[in-house]
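Novice: So you can see what is in the structure, the chains are spelled out below.
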Amino acid sequence: MTITATTVALDSVVEAGDGALVSVPAGGRLRIVDLHGNQAVDTLFYDAHDIDNRYSAFDTIREQRAVFLTTGSRLISTRLDELAVITDDTCGRHDTVGGACSQESNVIRYGEFTRHQHACRQTFLRYGAQAGIGQRQLTHNINFFMNVPVTSTGGLTFEDGLSAPGKYVEVTASRDLFALISNCPQVNNPCNGWDPTPIQLLGWW
Amino acid sequence: MNHEIPGDAAWSVPVRAGRTVTLTALADGANATVLIIGADRLDRLNIPDTLKSQMSARIKPGMVLMSDRGLALATVIASTLDWHDCLTGALPDRLLLLELTKHGFGEADLHGCIHFFSKVAVADDPRASLAYVPDHAHAGDTVTLRADQDLLIFVSTAPHALSDGPAAGVAVQLESPSHVEDPVLREEAVRALRLTRELIA
Numbered sequence: 001m002t003i004t005a006t007t008v009a010l011d012s013v014v015e016a017g018d019g020a021l022v023s024v025p026a027g028g029r030l031r032i033v034d035l036h037g038n039q040a041v042d043t044l045f046y047d048a049h050d051i052d053n054r055y056s057a058f059d060t061i062r063e064q065r066a067v068f069l070t071t072g073s074r075l076i077s078t079r080l081d082e083l084a085v086i087t088d089d090t091c092g093r094h095d096t097v098g099g100a101c102s103q104e105s106n107v108i109r110y111g112e113f114t115r116h117q118h119a120c121r122q123t124f125l126r127y128g129a130q131a132g133i134g135q136r137q138l139t140h141n142i143n144f145f146m147n148v149p150v151t152s153t154g155g156l157t158f159e160d161g162l163s164a165p166g167k168y169v170e171v172t173a174s175r176d177l178f179a180l181i182s183n184c185p186q187v188n189n190p191c192n193g194w195d196p197t198p199i200q201l202l203g204w205w
Numbered sequence: 001m002n003h004e005i006p007g008d009a010a011w012s013v014p015v016r017a018g019r020t021v022t023l024t025a026l027a028d029g030a031n032a033t034v035l036i037i038g039a040d041r042l043d044r045l046n047i048p049d050t051l052k053s054q055m056s057a058r059i060k061p062g063m064v065l066m067s068d069r070g071l072a073l074a075t076v077i078a079s080t081l082d083w084h085d086c087l088t089g090a091l092p093d094r095l096l097l098l099e100l101t102k103h104g105f106g107e108a109d110l111h112g113c114i115h116f117f118s119k120v121a122v123a124d125d126p127r128a129s130l131a132y133v134p135d136h137a138h139a140g141d142t143v144t145l146r147a148d149q150d151l152l153i154f155v156s157t158a159p160h161a162l163s164d165g166p167a168a169g170v171a172v173q174l175e176s177p178s179h180v181e182d183p184v185l186r187e188e189a190v191r192a193l194r195l196t197r198e199l200i201a
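Residue numbers (full-length UniProt numbering), protein chains in the order written: chain P, 1 to 205; chain Z, 1 to 201.
Treat the hints with caution; some may be incorrect.
Stated by the list, open to error - Computed beta-carbon distance windows for the label pairs: (1) THR90(P) / HIS103(Z): 14 to 24 Å; (2) ALA131(P) / PRO92(Z): 34 to 44 Å; (3) ALA164(P) / GLY106(Z): 39 to 49 Å; (4) SER23(P) / MET55(Z): 33 to 43 Å; (5) LEU91(Z) / ASP50(P): 36 to 46 Å; (6) ALA131(P) / HIS103(Z): 21 to 31 Å; (7) SER23(P) / VAL190(Z): 37 to 47 Å; (8) LEU35(P) / ALA171(Z): 48 to 58 Å; (9) GLY166(P) / ALA78(Z): 27 to 37 Å.
Read the hints as simulated data drawn from the structure, not as lab findings.
Since the structure is predicted, the reported quantities are computational estimates derived from the model, not experimental observations.
Idealized CB from N, CA, C, for every residue including glycine.
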């Protein structure tokens, strides 16, 4: 048996409303810790060598024949490549149908007063720029720790989270990846428990 | 105009604001996978925004199809079916990609799509498991959209990725009615339509 030594390559805190672009090499493990509980972490994955080969929420859902993500979920790209696998999860389930908040969708959902509130897609564009990720490259993301029940009658709602302080989720990269992360600033629905809080990113590779 | 798309084919068509598009299933088990791009050629159909603003996990009559940037692309005016799948994505589809390429788009524009006429049932279990419903659509089923801004609509008639049935054709009818009443809509959909009409329609 060969044991490959890995070191802690990443240990940082992302404040509420801030984001990060993380390069994760093939085989690397990225852990996202919900430090204070009920904090949505909007996340996109891209093949680091070809950003058009990117995470596809709905291909991922179809391939696993289930809506929610948890341990064992294979994160699939638009070309049906496996980008990463969720290899540990102390929360239990994560959303990938609800998308990211934007200033424009906030106006539609909550009203004109939200027009200039900070939103995830602002963070995605800010941190994605350094990797060439612009508006056309943004797609439907994962919302780690977010609870969006979907029902047999075709209903969908945003509800209080299932997460709690210290819960974490870990993904193992199946190829070299960019992880584009927005620590969600939303204050108009319960996705962050009405109070966005910091998260911790840990990486081993 | 009228056009019949055969099974396992792809087609694209510009649709002016105010016109209607009616899709008709030409055989049982038909599927029409649809992508929509808005008037500025960047703003695309956004399935998550469409679903969360209207509290639905399916596309049905009385919903506005919303764009990445919070505008109304089209309104589902009527349908013989009350469930059109939008949770399961499309397999890599060479013909659909070619249609995108004809208009200057490409792989980066393969956003979430709607599978008109297809239903994938959701179970009330801990993972919201999915199962394709094989007897959902029948020949003659229809859905009618009203364009709420100038659109490009892309249609693939490849079978649904979870179906093991044969491909079926879909008829497309474009009409120019003088006025189409809004169906009963949620407040969020009304807001999207009002903004779109104020800005670009």
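Novice: Compare the structure with the hints numbered earlier in the document and write down the numbers of the violated ones, lowest to highest.
Specialist: Numbers 1, 2, 5, 9 - these are the hints that the structure violates, sorted from lowest upward.
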